[in-house]
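**Student:** Chains as they are written, first to last, in the working numbering: chain L, 1 to 138; chain A, 1001 to 1340.
Calculated from the structure, these hints are not laboratory results.
Heads up, a few of these hints could be off.
With the C-beta cut set under 7 Å, the calculated list includes, among others, these residues of chain A facing chain L [to be verified]:
(1) LEU1016
(2) LEU1024
(3) LEU1025
(4) ALA1178
(5) SER1181
(6) ASP1182
(7) ALA1258
(8) LEU1284
(9) SER1287
Label pairs and their computed distance ranges (CB to CB) [stated by the list, open to error]:
(10) L:ARG72 / A:LEU1025: 58 to 66 Å
(11) A:ARG1179 / L:ARG48: 15 to 23 Å
(12) A:ARG1289 / L:GLN130: 31 to 39 Å
(13) A:ARG1197 / L:GLU126: 47 to 55 Å
(14) A:ILE1242 / L:GLY74: 50 to 58 Å
A few chain A residues that don't get close to chain L, going by computed Cβ distances all over 12 Å [as the list claims (entries may be wrong)]:
(15) PHE1095
(16) ASP1156
(17) PRO1247
(18) LEU1248
(19) THR1273
Cβ atoms here follow ideal geometry from the backbone N, Cα and C, with glycine treated the same way.
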Amino acid sequence: MTFRLRSGKKGLEIRLHDLEATIMDVVWGKHLSSFAVGDVLAILEKQRDIAYTTVMTTVTRLYEKGILERERDGKRYLYSPKLTREEFMESTAREVLDEAVGGHQAMVMLAEKVSEASAGELDDLEALIQKRREELDT
Amino acid sequence: MIEATFPLLGTAFVVLIVLPAFALLAKAGLVMLERDEVGGPLHGLNLRYVLLTGSSVLPIAWLLSAGLHQAETAKSALACLFDHDTAELCFEPGFFALMLAVVVVASSIGVMRKHRGLRISSTDAARTLLRRVARITSSDPVLASLRDRVVVTDDDGFALGTQGLLRPRVFVGTAFAARLSDEMLASALGHEAEHVRALDPLRYLILQLALAVNPFGRFLLEPHAVRWQAAREAHCDREAVILGAAPLPLADAIVRAARPGAREVVALGARDTAVLKFRIGMLLAFSERAPARCCHQGPSAFPVAFVLLLIALLLPHQTGTAALDALHTGAEHALTYFWR
């Protein structure tokens, strides 16, 4: 699963386009372990005007990217996330791994706007390191 | 024609036109190198450094040398002889070189002022920390190269970094070291050992000076310089791990050094978010898979830079100074044109 890192974006949008990130936010936020396009549409419609076909196209793209898996349920598909939000965010760091000593994506990351890390971001990085330590210990 | 025309207008032309033009050429080269997806951010670090610094240093070196050459021999100063009839010596190129040197020195003062030295401590806490460092370095053959190169400072907020141009030393902040385990401190010293070996404080100073003397071209090069410096830090992380440092303790030390209160010079603690994420991501990767020296580093920076500098200095004496003559006549003709 490889993605193009998007410069100047934060969170999910580093790796996903805006609507893709919004849909995954809904899926993870509402704990939708198995859902149809209509389920996501119903939630998104409360927030904005959006067409069924737009959601369907985006969900299909997420499936093609390997973020969602699906199984047929009669005439429709039921989708489910392959990764939890935490696993997905962690895999962002992992993706940098292979590119860490090479690759344009890592250069894109270095070309992001210069900003001093906040205490929260440093906490997140420390937690990431701690988690990796625990993984290696077990 | 007044004698100050060439020294003043010529220097202005160099600062306003010549150096920015060289910066533009260097930028084109840097963009091409950074687009190389095979090597990535750590690719061609030395070549990128030569482009960043050479675009300012080499033209200035050539112009200074050419100016002095014309002033001392007066044989190749065709423009000067043409305008001043029977003058046996022509001092205008010499004054031009002097004026250019003044501009270079003046623009360097700000950079030099920022490089204040740290105070070495000899308190009880400092001695205790030195004993701890000695114990760590003596048990590791790689860190043994830092013997007598590690000093301690009580400077408020200083984390850990390398200072000193020709004989760099690693400064360890007592407060910062107290927050690190031995494993973290050893890994951090491994990172600094690469800075010491490569004379990075000198490299960084030359880079800052090269940008400072090109005030109208530096905006073209600064983003590349920031990326180069970040990549250089990442390179030191990788070298440290290759030579035996533990990646996760090093990552931990880097994050701790970036906490508010720590101030870095050439240090572990780059606080920029993107750079931190990149370096931590890389070290997390190294915890799973040992790194290798995969990236083409280009020729060593210092020998190449020295040879190029030597060529720039000698060239006017060997091949003539036609470009300086053109600059000389151009400056005087420009003044004549605007004077009318």
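**Student:** Compare the structure with each hint and give your call.
**Tutor:** Verification of the supplied hints:
| no. | hint | result |
| --- | --- | --- |
| 1 | LEU1016 | violated, 28 Å |
| 2 | LEU1024 | violated, 19 Å |
| 3 | LEU1025 | violated, 21 Å |
| 4 | ALA1178 | violated, 17 Å |
| 5 | SER1181 | violated, 12 Å |
| 6 | ASP1182 | violated, 16 Å |
| 7 | ALA1258 | holds, 6 Å |
| 8 | LEU1284 | holds, 5 Å |
| 9 | SER1287 | holds, 6 Å |
| 10 | L:ARG72 / A:LEU1025: 58 to 66 Å | holds, 60 Å |
| 11 | A:ARG1179 / L:ARG48: 15 to 23 Å | violated, 47 Å |
| 12 | A:ARG1289 / L:GLN130: 31 to 39 Å | violated, 20 Å |
| 13 | A:ARG1197 / L:GLU126: 47 to 55 Å | violated, 29 Å |
| 14 | A:ILE1242 / L:GLY74: 50 to 58 Å | holds, 56 Å |
| 15 | PHE1095 | holds, 41 Å |
| 16 | ASP1156 | holds, 19 Å |
| 17 | PRO1247 | violated, 9 Å |
| 18 | LEU1248 | violated, 6 Å |
| 19 | THR1273 | violated, 4 Å |
Hint check: violations occur at hints 1, 2, 3, 4, 5, 6, 11, 12, 13, 17, 18, 19; the rest are consistent with the structure.
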